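The whole structure should be built from the sequences, with the hints applied where relevant.
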Amino acid sequence: MSEEPHTRHERHVKHSRIFVCVLLTVLLIIAILFSLSYGKNVVDVMKSLWTDSGIDPVVRKVRLPRTLLAFFVGGSLGICGVILQSILRNPLAEPYTLGLSGGATFGVTLSALIGLERYCSFYANPLMGFAGAMASVMVIYLLARKRFFHPNSMILFGIVVSLVFSAVVFFLFSILDPDRMQITLMWLMGDLSSLDINLIPAYIPLFLIPAIIMLLFGKELDILSLGSEKAQYLGINPPRMYKTLFLLSSIVTGLCVSASGVIGFVGLVVPHILRTITGASHSFLLLSSYLGGAFFLITSDIIARYLLYPVELPVGVVTAMLGGLTFLTVILRRP
Amino acid sequence: MSTDSLYSLRHVSYGYTHHEVLKEIDLDIHEGELIGIIGPNGAGKTTLLRVLSGYLTPQHGHVRFMGTDMGEYDRRILARYIATLPHSLDIPFSYTVEEFIVMGRYPHAGRLSIYGDHDREFVHDIMNIMHMESLYGRKIDTLSEGEKQKVFLAQCLAQDPKVLLLDEPVSHLDIRYQMLTLEILQHLHSEGLTILMVLHDLNLASEFCSRIILLSEGRIHTDGPPSTTLTYQNIEKVYNTVVLVRENPFSGKPFVIPVSKKYLDTS
Chain A
1 MSEEPHTRHE RHVKHSRIFV CVLLTVLLII AILFSLSYGK NVVDVMKSLW
51 TDSGIDPVVR KVRLPRTLLA FFVGGSLGIC GVILQSILRN PLAEPYTLGL
101 SGGATFGVTL SALIGLERYC SFYANPLMGF AGAMASVMVI YLLARKRFFH
151 PNSMILFGIV VSLVFSAVVF FLFSILDPDR MQITLMWLMG DLSSLDINLI
201 PAYIPLFLIP AIIMLLFGKE LDILSLGSEK AQYLGINPPR MYKTLFLLSS
251 IVTGLCVSAS GVIGFVGLVV PHILRTITGA SHSFLLLSSY LGGAFFLITS
301 DIIARYLLYP VELPVGVVTA MLGGLTFLTV ILRRP
Chain B
1 MSTDSLYSLR HVSYGYTHHE VLKEIDLDIH EGELIGIIGP NGAGKTTLLR
51 VLSGYLTPQH GHVRFMGTDM GEYDRRILAR YIATLPHSLD IPFSYTVEEF
101 IVMGRYPHAG RLSIYGDHDR EFVHDIMNIM HMESLYGRKI DTLSEGEKQK
151 VFLAQCLAQD PKVLLLDEPV SHLDIRYQML TLEILQHLHS EGLTILMVLH
201 DLNLASEFCS RIILLSEGRI HTDGPPSTTL TYQNIEKVYN TVVLVRENPF
251 SGKPFVIPVS KKYLDTS
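Residue numbers (my numbering), protein chains in the order written: chain A, 1 to 335; chain B, 1 to 267.
Worth flagging that the hints you see were computed from the coordinates, not collected in a lab. Here the structure is a predicted model, which is why all the values come from computation and not from measurement. There is no bait here: all hints are sound.
Not close to chain A: a few residues of chain B, all C-beta gaps over 10 Å, as computed: (1) T17; (2) L143; (3) S144; (4) L173; (5) D174; (6) Y263.
Taking lysine-lysine pairs in the DSBU-like style, the calculated list, with each CA pair at most 30 Å apart, reads: (7) B:K162 to B:K253; (8) B:K237 to B:K253; (9) A:K14 to B:K139; (10) B:K237 to B:K261; (11) B:K23 to A:K146; (12) B:K262 to B:K237.
To spell it out: a stretch of chain A is covered by chain B in this simulated footprint if at least three of its residues, at any positions, have a beta carbon under 8 Å from a beta carbon of chain B; those stretches are: (13) 215 to 221; (14) 224 to 235; (15) 275 to 281.
We put the CB at the ideal spot given by N, CA and C, even for glycine.
Have a look at this one:
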């Protein structure tokens, strides 16, 4: 029986997608196991996880929360990167393109300056980071509304907001006590260890619910990437859709920043690489970028802990170096 | 006022306070017409098309589509009836041809689900009708301009529309693809699709359209079959260019020949 070309092609696409999903899941599981067991025998740790008699307290109290956090933050950054690249119609956009990191940094620096942790202990940084991120979201939102959420003006507003906030942050640094500055700087570079584990259960649904909602917007992201005029002809209300997706992705990015500081490159590199492997269609790209982002951040975190043992690197430094190199290879290999 | 017209525009004006692009347009469009919109640059051709597509809402007058005011339609519903191809479409990601065409099924698809087998079948049928078998699996950024235009058109057809609005669909194509594209459109028209297109080439408009709307400075200058719109008086007045109009020996339609200034001095 002869086969029509489209059937053959479609099966090929389907198979390569299933393959990528399985591969990413397997890699993710391996990374999680390594992250949990690090420095110990993997089998022992696995055993201790399944026998309820005694999970190693170090695993339970330190590594499990940290790995969970890396999973959710990595996945969320991956998916937010996909969304921003599509609505801004720019493959170089990333979750921080619209100036969220600037606001968050300002919030955390301010908290260090006034010594907020004296009053609300471990809540201080997450709270102020999130508040700062939301402040910049609000500014961008109000500005963008005047321009009907037009992509180019949104990028410009994002740049302006980032620059203004970073100027203020530099000023605050200059009057900050050096010890506090050191702590704030570490946070700024991305740090998965600073979040208090008591906060993690609260974070999980906050990360998970918007991510599930965002996974459902694949078709709309495809269409929005064609520009707002064509999107309208295909039956979308672009300003409303931009608003929804912008707010969803901003809130999730704000949560990521508040939990672990500014971790760069995940939201840029992961969607970019996966797009070259499994195609540009967003329904699948969203899912694979979640898995890919989670894998990338967990792996980076393992490297951050191992590389200069016993000194721990900020994970943001590792993602930037690893991501930058991978990115460069991918770009250079393209004809 | 006829009730069976697909579109009915009354006293439609669109523009900004200092500059009105469309002025007092009255227009009726019936099902099954193949209309060319011509006119000099800045005459308001694209704006008229955008008003017809529902993208722009005129400040004055009203636009009725299938008996209902344009503003009352949900965009999704409207996209099931009207497919519009803008003049330029720039695509930042390299979708495959099928991924791109299936986006046209969006107004018909369920809100939360991905595209189903029915949608994919629909896309295959369109690709077969348009002889695009060789484009299966190709990335859209590897296609030539002519192939791209075909793919864009196929996406519009995937919407299964009643009306097709096209803004200069052939202006950046070579003569082979111009004819190919317009012949596809003619075929679709013969199957009952209503088509309105902005054209720059007067002779292509003359050959393919049964009705031509000549716009000048935001107003309808002439509206009728090619033989009444494409007269040298109309063209010389609206375009401010000297032309000669002859009859195309094959089709009997008017054929417009521009006359260069250097030949005018001697005659």
